[in-house]
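The primary structure of each chain is shown beneath.
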Amino acid sequence: MKKLGGRRVVGALGLIFSLIVITLLGLHYHIRTIGINSEVSQLKQDLKLLKRNNRRMQVQLLNATSLEVVEARAKKMGLEPTTRIRYLHHNPISTQDNLQ
Amino acid sequence: MNHVDKNRLFWLIVGVLIMMGMVVIRLFYLQVIKHEFYVDKQESQVKKIIKITTHRGVIYDRNGRPLALGEDSYSIYAQPPKIDDKLGFAKLIAPKLGVPWQEVYKTINIDYPFVWLARKAAPEIAEALRDISHPGMNIIEEEKRVYPSQALAADVLGFVGTDGGLGGLEFQYNEFLTGSSGRIVIEGDPMGRRIVGGSLDVKGRPTGFKVGVQRFEPTSFDGGHVHTTIDETLQYVAERELAKTIEWHSAKGGQVIVLDPHNGDILAMADYPTFNPNEYWEADIPVLKNSALVDVYEPGSIFKLITLAAVLEEGVYATSDILEVPETLKLSNRVIKEAHRRKADDPDKYTVQEIIENSLNVGTTLIALELGKDRFYKYMKSFGFGVPTGVELPGETAGILRSPKQWSGVDIGMMSFGQGIGVTPLQMAAAVGALVNGGELVKPRVVKYLTDAEGVSIKAVPRKVVRRVVSQGTSDAVKSVMEGVVDHGTGVIVKQRGYRLGGKTGTAQVAGSGGAGYLEGEYVASFVGMVTVDDPQVVILVSVHSPKKSIWGSSVAGPVFRELARTIIDQRNVAPKEED
Numbered sequence: 002m003k004k005l006g007g008r009r010v011v012g013a014l015g016l017i018f019s020l021i022v023i024t025l026l027g028l029h030y031h032i033r034t035i036g037i038n039s040e041v042s043q044l045k046q047d048l049k050l051l052k053r054n055n056r057r058m059q060v061q062l063l064n065a066t067s068l069e070v071v072e073a074r075a076k077k078m079g080l081e082p083t084t085r086i087r088y089l090h091h092n093p094i095s096t097q098d099n100l101q
Numbered sequence: 043m044n045h046v047d048k049n050r051l052f053w054l055i056v057g058v059l060i061m062m063g064m065v066v067i068r069l070f071y072l073q074v075i076k077h078e079f080y081v082d083k084q085e086s087q088v089k090k091i092i093k094i095t096t097h098r099g100v101i102y103d104r105n106g107r108p109l110a111l112g113e114d115s116y117s118i119y120a121q122p123p124k125i126d127d128k129l130g131f132a133k134l135i136a137p138k139l140g141v142p143w144q145e146v147y148k149t150i151n152i153d154y155p156f157v158w159l160a161r162k163a164a165p166e167i168a169e170a171l172r173d174i175s176h177p178g179m180n181i182i183e184e185e186k187r188v189y190p191s192q193a194l195a196a197d198v199l200g201f202v203g204t205d206g207g208l209g210g211l212e213f214q215y216n217e218f219l220t221g222s223s224g225r226i227v228i229e230g231d232p233m234g235r236r237i238v239g240g241s242l243d244v245k246g247r248p249t250g251f252k253v254g255v256q257r258f259e260p261t262s263f264d265g266g267h268v269h270t271t272i273d274e275t276l277q278y279v280a281e282r283e284l285a286k287t288i289e290w291h292s293a294k295g296g297q298v299i300v301l302d303p304h305n306g307d308i309l310a311m312a313d314y315p316t317f318n319p320n321e322y323w324e325a326d327i328p329v330l331k332n333s334a335l336v337d338v339y340e341p342g343s344i345f346k347l348i349t350l351a352a353v354l355e356e357g358v359y360a361t362s363d364i365l366e367v368p369e370t371l372k373l374s375n376r377v378i379k380e381a382h383r384r385k386a387d388d389p390d391k392y393t394v395q396e397i398i399e400n401s402l403n404v405g406t407t408l409i410a411l412e413l414g415k416d417r418f419y420k421y422m423k424s425f426g427f428g429v430p431t432g433v434e435l436p437g438e439t440a441g442i443l444r445s446p447k448q449w450s451g452v453d454i455g456m457m458s459f460g461q462g463i464g465v466t467p468l469q470m471a472a473a474v475g476a477l478v479n480g481g482e483l484v485k486p487r488v489v490k491y492l493t494d495a496e497g498v499s500i501k502a503v504p505r506k507v508v509r510r511v512v513s514q515g516t517s518d519a520v521k522s523v524m525e526g527v528v529d530h531g532t533g534v535i536v537k538q539r540g541y542r543l544g545g546k547t548g549t550a551q552v553a554g555s556g557g558a559g560y561l562e563g564e565y566v567a568s569f570v571g572m573v574t575v576d577d578p579q580v581v582i583l584v585s586v587h588s589p590k591k592s593i594w595g596s597s598v599a600g601p602v603f604r605e606l607a608r609t610i611i612d613q614r615n616v617a618p619k620e621e622d
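Residue numbers (our numbering), protein chains in the order written: chain A, 2 to 101; chain B, 43 to 622.
Treat the hints loosely; a few may be bogus.
[Unchecked claim] Per label pair, the in silico range of CB-to-CB distance:
#, chain 1, residue 1, chain 2, residue 2, range
1, A, ASN38, B, ASP127, 35 to 43 Å
2, A, MET58, B, SER499, 23 to 31 Å
3, A, ALA13, B, GLN121, 53 to 61 Å
4, B, GLN121, A, ASN64, 54 to 62 Å
5, A, LYS76, B, ALA360, 35 to 43 Å
6, A, VAL22, B, VAL88, 50 to 58 Å
7, B, HIS77, A, ALA13, 38 to 46 Å
8, A, ASN38, B, PHE79, 43 to 51 Å
Calculated from the structure, these hints are not laboratory results. Please read these numbers as outputs of a predicted model, since none were measured by experiment. Even for Gly, the Cβ is constructed at its ideal location relative to N, Cα and C.
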C-alpha cells in the first residue's frame, strides 16, 4: 500500500508539474501574443499616419506644381510662361521665328 | 424484491422519466422554438462587424497627373444633452475651431441630440480637439475632395458635395469613384480578433473586383480611378487664352474644345466663366454647368464647312466650279446679305473654294439650294447634329435641328451659313473632326479607361466610329479649302510660317428668346481649325459669346486658336514643312 501510495503521490506531483508547465507556457505565449498584438496595432497606427501624411504631401506637391502656380513663379523670375517651351531646337525652323 | 420495493422503483423510474421529459421539453423549447433568438444572441456576442472606411477614387489627366483626389479630413459633432456647462464648453473649444465662442454656444444651446460643430475640418483642428476629451463631443474621420489645380478643367471634373458627386465626371462616375461602403463580418473575440476557424463574410464588395474572399484586401472596397483624355497642359493653355480674349473683348463667355479627330479624345474642354470646385458653393448656379455640351448656339459661318462637304460628297459641285454670286439674294421674303459690303473692284464670279475662303453667305446659299433640302438635312443628321454625341458627361443636349417639313423658304439659305440651326460646341467639334480625319464621325470621349483602387485596368472606353459621313476625297477637298481660309482667306490671322494650318472663321448672330429674331449687337465669334493639314492631329474649336471690342471670328477667336496651335506644335514636336 505504501509503495502504491508513493507512486500515486509521484504521479499526482507529475501531473501538477505538467499542468504548471503547460499553464506557464500558455501564459508565456499569451503575454507574447498580447505584446505582438499591441506592436501590430502600433504599426497599423504608424502606417495609417504615414499614409495620411503621404496623401497630404501629395496634395501639397500637386498644389505647388500646378501650371498656374508654376507659371506665376516663372513670370516673377522674369521667365517666359512654362507652356511656351520650344522643343524644336533640333529642327531647321523654330516656332520662335514663326511668331508674327 | 417485495411489493414495497417494486412500488418505490416504479415511482423512481417515473420521477426520472418526468425529469428527463422536462429536460427534453426544455431542450426542444430552447433549440427548436427559440432557435432564432439564441442564434442571434450568439452571433451578436461572437460576430464582429468591422466597417471599412473607403477612399474616393482619383481622376487623372491623360498623362497620369491627378486632377481630383481625396485628402483626410475630420468632422466634429456634439451631443448637447451630454454637455452640462455649455458656456464653458463653447469657450473651451471655440479657439481650437477658429470661430467665435458665441457661434459655438448658439449651435450647442439647443434641444437636439446631435449637432455638427465642423465638417471636413483640417487634421490640425482634429488634433487640437483630441486633447479635450469631452463625453459630449466626438471626432470622426472623413475624406475631403481636393482639386489641386484649382479651377482647371472644373466643368469636366464637376464637384463633390456632402452626398457625393454633383457635376461632371464626379457625378457621372459617382458610384464607381465612391466604391463600396463595405463591411467585414468575422467570428471573433470581444477584442475583435478573429477566432481561428471562425467564419469570415465580406459584405458589399463592388462588382468587378473578383478577388477571392480569402485573399481580399480592404482596399478592394475603395473607389476606382478614372483616367481621362484631358491633357493638363492643353487644358491650361485653352483656359488661359480663352479667359484672356474674353476679358480683352469684354465678352460674356466662351468655350474651347481641343479634340483628337482620329479617336475622339477630348484633350481640352474649357468653359468661361468657370468656377473653383474646391469652393463650388461660391459660384453662381449657371456657371456650374458645362456650356460646351449643354448650351446650344447658332454656329454661323463655321457651319459652311458642313454645307461644302455635303455639296462635294453629292457631286453637286467641285471646289473649282465657278458660280456667279450676286451681293444679295432674295429668298422667300428675306434678303440674304454678306457680312461685309462688296467693294467696287470685287469680282462677281467665284469658285466654290473661294466662296468658302471668303465666307460668302450668298454663294453658300446658292450651292445649298442646288443641293436641296432633303439631301442637306440628311448630311446634317449624318454629321451628328440634332442628337447628343454620347460623351461620358452629364447634361448633354441634342441641339436644334428641324426637319425639312418645318423649314420656311429662307431656312435652307440660313442653315447653309449656320443660322437657324442650334448646335453645341462639342457637336460642332466632332463634326469638323469627321471632316478632317478622312470622313468618319467618331464619338467624342473624355474617359480613356477605368482602374480599380490598386490601379488594375478594369474597363477601357474604346474608340467608336459612329458612321462614315463623307469619303476620303471629300475630306481632302474640305481640308484644302480650310487651308486656303488660313493661307489667304478670312483666317490669315492664325497663319504660322512653316506650318500648314487650316480653319474656318464664323461670326454668328444670336437669336432672341421666344423666336423674336436676332439680338442687336450680339454675336458669337468662332474659329474652328486643325493642326496640321498634312496630319490633322487635333481639331480646335473656339467660340466667344458677345464680344464688344470686335465681333469677328478671326480677330476674337483666332488668337486663341493660334496660341493653342503653337502649344500643340511645340508639345508634339510637329516638324515644319520644307521652305521654298
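Evaluation of the provided hints:
1. A:ASN38 - B:ASP127: 35 to 43 Å: With a Cβ separation near 39 Å, ASN38 (chain A) and ASP127 (chain B) satisfy 35 to 43 Å, so the hint holds.
2. A:MET58 - B:SER499: 23 to 31 Å: holds (27 Å)
3. A:ALA13 - B:GLN121: 53 to 61 Å: Because 60 Å falls inside the window, the suggested range holds.
4. B:GLN121 - A:ASN64: 54 to 62 Å: violated (36 Å)
5. A:LYS76 - B:ALA360: 35 to 43 Å: With a Cβ separation near 51 Å, LYS76 (chain A) and ALA360 (chain B) fall outside 35 to 43 Å, so the hint is violated.
6. A:VAL22 - B:VAL88: 50 to 58 Å: Violated - the Cβ-Cβ distance for VAL22 (chain A) and VAL88 (chain B), about 31 Å, lies outside 50 to 58 Å.
7. B:HIS77 - A:ALA13: 38 to 46 Å: holds (45 Å)
8. A:ASN38 - B:PHE79: 43 to 51 Å: violated (33 Å)
When each numbered hint is compared with the structure, violations occur for hints 4, 5, 6 and 8.
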